[in-house]
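**Q** Protein chains in written order, with our numbering: chain F, 1 to 369; chain P, 1 to 380; chain L, 1 to 356; chain G, 1 to 326.
Hints listed in this document are in silico derivations from the structure and should not be mistaken for laboratory results.
Here a beta-carbon is modelled for each residue, glycine too, at the ideal position from N, C-alpha and C.
Please note: incorrect hints may appear among the correct ones.
Said to hold, decoys possible - Part of the chain G face toward chain L, derived, beta carbon under 8 Å: (1) A14; (2) T20; (3) G168; (4) I176; (5) G219; (6) I299.
As the list claims (entries may be wrong) - Distance condition first, Cα-Cα at most 30 Å in a straight line; then the derived DSBU-like pairs of lysine-lysine: (7) P:K156 to G:K163; (8) P:K230 to P:K153; (9) L:K307 to G:K90; (10) L:K35 to L:K307; (11) P:K230 to P:K178; (12) F:K77 to F:K171; (13) F:K146 to F:K171; (14) G:K234 to P:K178; (15) F:K77 to F:K143; (16) F:K77 to F:K146; (17) F:K171 to F:K138; (18) F:K171 to L:K307; (19) F:K171 to F:K143; (20) G:K234 to P:K153; (21) P:K156 to P:K230.
As the list claims (entries may be wrong) - Rough simulated footprint, nothing fancy, chain L against chain F, three-plus residues with beta-carbon under 8 Å: (22) 94-107; (23) 119-130; (24) 134-145.
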Amino acid sequence: MKAEEIAEPVQDGAVAIESPAAARGPLAMQAISLNKDFRLHRGEVLSAVRDVSFNLYRGAVVGLVGESGSGKSTVAKLLAGQERLTSGEVHLNGHPVALTDRRAFRQYKSEVQLVFQDPFSSLNPVHTVRYHLERPVKLHQNKRSKAELDPELTALMEQVRLTPASQFLAKFPHELSGGQRQRVSFARALAAQPSVLLADEPVSMLDVSIRLEMLNLLDDLRERFHLALLYITHDIASARYFSDEVLVMYAGQIVERGPAEELTQEPAHPYTQLLVASAPDPDNIGSILRSGGKRAARNVESAPRVTGACPFNPRCPFAQDRCRSEDPPLMRISSARAAACWRLDVAAPQLFHQSEGGVAHEGLGGPLV
Amino acid sequence: MTTTAATGTELSGSKASTLGANGGGDEPILDISDFSVVYRTDRGDVRAVDGVNLALHAGEVVGLAGESGSGKSTLAYGSCRLLRPPALITGGSVVYRGRRFPSGVEVLDKRPEELNVLRWREISIVFQSAMNALNPVLSVGDQILDVVEAHMKLSKDEAVERVASLLDFVSIPRDRMKSYPFELSGGMRQRVMIAMALATEPEIVIMDEPTTALDVVVQRDILAQIVELKERLSFAVLFITHDLSLLLELADRVAVMYAGKLVEIASSEEIHHEPAHPYTKGLLNSFPSLRGPRRELAGIPGTPPDLRNLPPGCSFLPRCPYGTTACQDIDMSLAKVATSADPDHVTACPFVLPGTPVPPRGTRSNGAPDGLQPEAISAQ
Amino acid sequence: MAALMVDTGVTPPAEREREKRERFGWWRRLPPKAKVGALLLGFFVLIAIIGPTLAPYDPSYQNPNPSLSLNAPSAAHLLGTTQNGQDVLSQLLTGVRMTLELALFVGVVATVIAVIVGISAGFLGGMWDEVLSLLSNVFLVLPALPLLVVLLGYLPQKGETATILVLAFLGWPWGARVIRAQTLALRNRDFVAASRETGERGWHIIMFEIMPNEISLIAASFVGVVLYAIGASVALAFIGLADLNTWSLGTMLYWAQSDQALTLGAWWWFVPPGLLVALIGTGLVLLNFGIDELGNPRLRSGSGTIKVGGRWWGQTDPTPVLGHSQRRPSRVAAFLHSFSREALTERPTEVAGPLP
Amino acid sequence: MRFIVRRLAFYAVAAWVALTINFFIPRLMPGNAVEDIMSKFPSLQPSAYKALEAMLGVGHPGSLWHQYVNYLYDVIHFNFGTDVTEYPAKVSALLAQTVPWTITLVGTATIIAFVIGTGLGILAGWRSGGWLDRVLPGLTFLQAVPYFFLALILIELLALRAKIFPLGQGYAGGDIPGWNWQFISSAVYHSLLPAFTLIITNVAGWMLTMRNVMITTTGEDYVLAAQAKGLPHKRVVLGYAARNAILPQLSGFANALGFVVSGAIVMEIVFSYPGVGLLLVNAVTSNDYPLMQAIFLVITFAVLFANLIVDVVYVLIDPRARARSA
């Protein structure tokens with residue numbers, strides 16, 4: 001059985017795949033066939049994002065997972081309006097977004113906010129916490145007087161659990177720890193009262209011990225304000241922990257998408273399988289690392305991108321001639337899952353021998369390790 | 001020593017056998033005892049490492065875990081005396097007992113030029129960021145050659161051949177010798193660092209978060225390579241990382257550090273199944289797992305204490321879910337965990353025995369301490 | 001000056017010290033170099049302000065009495081007289097004002113140009129950056145003084161305004177270049193993107209997010225331009241390319257030289273103006289180093305050292321150990337040590353390990 | 001290669017800007033320069049009026065563009081016109097007499113100052129806090145002293161009073177320029193004091209900047225790594241720290257060349273040294289505009305050429321620049 005026979009190509013990923021996030025609330029944002037090319041110095045063009053489509057729903061978390069350089073941060077910048085789209089459309093609450101002028105941009109910003117990865121560089125060192133929060137409140141809530149501002153700032157600080165608020169408001173960024181700074185970043189984003197929050201690796205620069213606390217805080221905020229949340233990360237385990245739907249990006253494309261639990265427990269795409277197999281796992285004492293490190297000789301260095309081929313084929317153990325000559329589209333595996341691979345029948349056979357919806361539970365690490 | 005003409009100089013795999021004679025012996029190859037380091041600042045001394053005892057045996061992988069600022073890097077670099085002012089070693093002893101120094105060398109007594117005999121020849125380091133640790137204007141081959149020429153008596157040709165075979169060893173094509181660091185990918189640079197660390201066949205390799213900056217797949221690959229090389233060359237590894245889950249897979253023993261002190265040492269299995277110290281438990285609870293049921297995790301609320309101004313007694317007390325007022329009186333010395341299967345399992349927390357469940361999440365709001373929770377102890 | 005360079009970064013201060021520190025916080029935090037520079041400059045600025053009123057004589061008054069020509073310093077003329085019987089001290093007190101005034105104007109004009117060009121090039125990027133950077137780089141490589149000489153050579157009136165404009169015209173590129181580089185770096189920092197997220201306008205981002213982070217750089221480039229302006233204006237006046245009827249430190253040097261003050265042994269006429277130029281310059285250079293050190297404390301003299309066991313340990317020494325006196329052996333001792341038994345056993349004697 | 005081509009293009013633009021400024025100065029300045037010259041030099045024949053106009057372009061027939069093109073054509077053919085003061089000597093001949101003196105003296109002194117300053121800076125930066133580092137603030141005084149002032153005092157003390165050095169000039173009065181020992185030794189002897197003054201006023205600046213870069217570089221991980229590798233001290237200092245620190249120092253050197261040359265102009269006046277600086281000032285005082293402009297161009301081109309050489313050296317030392325230029 002060929003992959004196409006069991007998995008039909010998905011024409012419009014945003015529509016044809018039922019997002020598990022849809023159950024949480026109404027549709028907030030649609031990314032439709034986003035493309036972003038960067039012109040490099042010597043006339044070359046880098047396709048950082050290629051044909052990426054997905055939906056964000058109020059109250060739900062969509063996790064976007066990929067390695068550095070996979071284009072996941074560019075997706076966030078495109079959605080936030082920080083980068084210009086090469087082609088594609090973004091819809092907000094059902095209407096296409098056109099950032100034609102300053103006013104439209106500012107209006108968009110009161111709906112969509114981006115939280116940055118590095119809390120050490122996202123706060124201006126010369127300004128106090130108060131300044132960082134006052135500006136968005138003034139601009140988006142039009143509260144100008146001190147009497148109006150102060151209760152709002154205090155409320156914001158309490159929402160991100162920086163108390164006593166008055167004490168923290170007077171501080172400069174360098175007087176705060178990394179976790180406290182990131183809380184300020186959250187508060188600043190909330191001050192615009194957005195409906196969509198894009199979080200670009202919001203915890204990866206923080207210490208391991210406080211990462212979960214921050215993720216839990218983000219989750220609380222999502223629930224309280226009914227936010228549509230895009231969670232971008234390189235850590236697939238935290239995506240499983242935190243999101244409803246997971247999208248896996250490789251070389252600018254979404255190579256697999258599906259409900260977080262199903263996707264991480266039974267990855268279909270060879271790249272997702274590799275990602276899952278590579279994640280550190282404390283339950284895995286006596287793993288390859290400890291038993292003498294039998295290393296599969298993989299070509300992990302990124303090979304030059306060849307157009308019209310599966311981007312993963314140089315590293316893929318299942319690669320065939322077709323993978324080197326034709327770029328696979330996203331193909332539906334089940335109502336909520338899809339993967340872009342010609343060799344799904346070989347890479348993840350158990351997904352197709354079961355009745356739809358039933359998921360096999362023997363681990364998948366096998367073929368790669 | 002002459003080598004076969006065909007292959008030139010090659011790295012040995014036979015050190016393991018020479019070590020076999022004393023490999024299982026009790027004498028550690030690196031014995032750090034009562035080691036303390038402060039940073040002198042305008043606003044007082046920062047006690048970065050405080051009275052630490054740690055032993056590393058030949059061929060063993062010891063993991064050193066803790067959050068940033070816990071002193072794990074200071075401990076490792078301090079024991080090689082590589083810390084820069086205003087760092088000052090205020091006491092203790094670091095004894096190195098290698099193949100060539102069976103009677104032991106006190107590192108802290110060495111004069112500057114004498115240290116060069118130990119450095120790299122006996123103890124080498126894989127730095128966290130290879131990009132920063134490699135000289136940007138020298139080719140990677142020349143940088144490895146520097147080490148070989150400084151520590152080994154080889155002819156120029158032999159030295160070059162050795163560099164080439166070292167690159168072979170870490171699966172980098174030989175012609176990359178002439179490449180500069182900026183021409184290599186992140187993974188390749190880290191491999192070059194590893195090749196360089198092994199160039200003189202040291203007995204100890206300190207690895208300072210060698211894979212933190214890399215993507216998980218590359219990270220996995222490089223860790224596997226390190227393990228493989230360790231099996232062949234049998235050096236001891238001191239592996240520093242904030243990622244405890246990684247250590248559990250990799251290390252024979254794990255030492256957990258908090259606020260300049262070691263709070264727990266045990267075998268990886270023991271740390272994983274029977275963590276004794278609340279901080280270790282917290283760290284273990286900080287990693288969402290890909291396998292097993294999805295569970296609510298809490299991490300460790302709060303922030304590490306100011307090292308200039310530590311709370312009395314246990315320095316973890318303000319963040320500890322089990323803390324009692326009695327914790328203000330303990331001195332944080334390591335004591336054996338009687339119930340443990342590992343006879344060498346020690347911890348600095350005298351009150352919590354292995355197996356205590358972590359209290360449910362949600363009782364705490366922010367990083368500020370909620371006050372002590374004596375019932376947690378009585379529940380035990 | 002060396003005595004002032006006492007290291008402050010090592011000894012923990014006592015409590016009383018800390019109180020004082022808070023009261024004079026900003027001054028105490030200044031690096032010693034900046035303090036010396038600021039004091040020197042403050043002194044000369046004061047002279048520039050009140051100097052002319054203190055001058056005992058009219059600096060231009062030529063005493064017809066030949067016995068008052070080229071008098072050595074005396075009670076009546078504290079710094080002696082010129083060949084024309086003019087009072088040197090009065091000329092100095094007037095000249096400092098003129099020299100500093102000119103340098104200040106040049107500094108302001110050139111710095112404003114530098115800030116505008118540097119920030120627009122760095123912030124706007126693209127074509128703007130290409131053109132503006134090219135412009136500042138071209139002006140940077142053109143040798144300033146010959147061009148100044150040619151420009152002023154054409155001017156029939158070589159007055160103050162002309163000199164200021166010509167000096168400012170050639171004085172901005174260096175500042176523009178460093179400000180551009182800094183703006184480029186800041187523009188890529190997340191906090192600029194974050195303020196765009198907040199919905200801030202471009203000018204607000206420039207004025208309130210980027211500029212405040214460049215204050216020390218702008219100050220440094222201002223000080224640099226002032227230094228250049230003093231040096232160039234004095235040199236131009238010395239060549240004769242200035243209004244020689246006014247009194248500045250440069251014109252004083254011109255007259256002293258053209259009337260052969262040194263050859264006639266009138267050191268009191270020639271040395272003071274030159275010395276003042278050097279002292280003002282020293283003040284400016286020290287101030288600039290101080291600004292650098294504020295931004296990068298590691299540049300402070302002795303900041304990377306710690307005193308242990310009666311010896312200073314530097315950046316590149318092994319970490320010192322308290323209570324161990326590990327004196328650095330002299331070269332002779334190190335040479336002798338290399339023959340000792342200990343050294344021989346520690347020598348690397350092995351070659352590459354045996355084959356498997 | 002790309003890098004070199006880019007730099008060459010840049011210097012071409014810079015040269016063009018200098019030429020254009022040069023072309024427009026006489027046209028933008030107030031007054032009639034030609035009348036000015038004619039009245040100052042009664043010895044000039046009326047026929048010289050045309051030549052002056054042609055050179056300065058004042059009142060010249062034809063469009064401005066036409067004049068501009070003619071001007072560029074002349075410059076490219078090294079035709080700087082006729083000199084006024086020493087009429088009818090060619091300007092290019094005067095330049096040929098003076099340029100070698102300046103380049104030899106200023107070039108040598110600048111390179112020596114740079115090498116000594118950088119070397120001392122390496123030592124001061126590596127041993128931050130050492131004695132060399134502590135005398136540094138005192139050296140700022142040397143950096144701030146006006147060059148000509150120091151030179152005059154040294155002439156007074158060392159030449160007039162102590163009679164160790166000659167008073168000035170490029171060579172002794174009786175010597176005839178030529179490639180003979182007597183002349184060369186005389187020239188070298190006469191250049192010692194000017195060179196010495198140039199060096200001591202410039203050394204401190206190079207030393208201070210190099211020290212700062214060196215301190216920053218010493219803090220880099222690769223220097224720590226070199227120490228951890230147990231390399232010999234010399235190798236760590238020179239191969240790892242200084243090798244990297246020299247790169248920003250070289251860019252600074254390139255940028256400062258214009259200033260160094262400026263200082264040298266005043267130096268030549270003080271020492272009556274027969275170089276272009278003295279020629280320039282004489283030209284200015286005698287309103288010899290054509291000569292003034294020609295000298296400005298020559299100095300500018302020399303500085304641009306020196307910059308180009310520094311660029312090439314930079315590319316040779318920095319593999320990253322080499323890769324970019326490939």
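**Q** Holds or violated: K156 (chain P) and K163 (chain G), Cα atoms, limit 30 Å.
**A** Violated: K156 (chain P) and K163 (chain G) sit about 56 Å apart, past 30 Å.
**Q** Starting from K230 (chain P), check that the Cα of K153 (chain P) is at most 30 Å away, please.
**A** Holds. K230 (chain P) to K153 (chain P) sits at ~24 Å (cutoff 30 Å).
**Q** Double-check A14 (chain G) for me: the hint is only fine if its C-beta lies closer than 8 Å to a C-beta in chain L.
**A** holds, 4 Å
**Q** Given the hint that K146 (chain F) pairs with K171 (chain F), does the C-alpha gap stay at or below 30 Å?
**A** holds, 18 Å
**Q** Given the hint that K234 (chain G) pairs with K178 (chain P), does the C-alpha gap stay at or below 30 Å?
**A** With a Cα-Cα distance of about 23 Å, the restraint between K234 (chain G) and K178 (chain P) holds, given a limit of 30 Å.
**Q** Does the nearest C-beta of chain L fall within a distance shorter than 8 Å of the C-beta of G219 (chain G)?
**A** holds, 6 Å
**Q** With a cut-off of 8 Å, does the beta carbon of I299 (chain G) approach a beta carbon of chain L closely enough for the hint to hold?
**A** holds, 5 Å
**Q** With a cut-off of 8 Å between beta carbons, are at least three residues of the region 134-145 of chain F near chain L?
**A** holds (count 4)
**Q** Just to be careful, I want the Cα atoms of K171 (chain F) and K138 (chain F) compared with a cutoff of 30 Å; is the pair within it?
**A** holds, 20 Å
**Q** Below or equal to 30 Å on CA atoms is what counts here, so check K77 (chain F) against K143 (chain F).
**A** Distance of about 28 Å is within 30 Å: holds.
**Q** The hint names G168 (chain G) as touching chain L; please verify it with the least Cβ-Cβ distance against 8 Å.
**A** It is violated, given that the least Cβ distance between G168 (chain G) and chain L is near 13 Å, above 8 Å.
**Q** With a cut-off of 30 Å on the C-alpha distance, tell me whether K230 (chain P) and K178 (chain P) pass.
**A** holds, 27 Å
In summary, the structure is inconsistent with hints 2, 3, 4, 7, 9, 16, 18 from the numbered list given earlier, while agreeing with the others.
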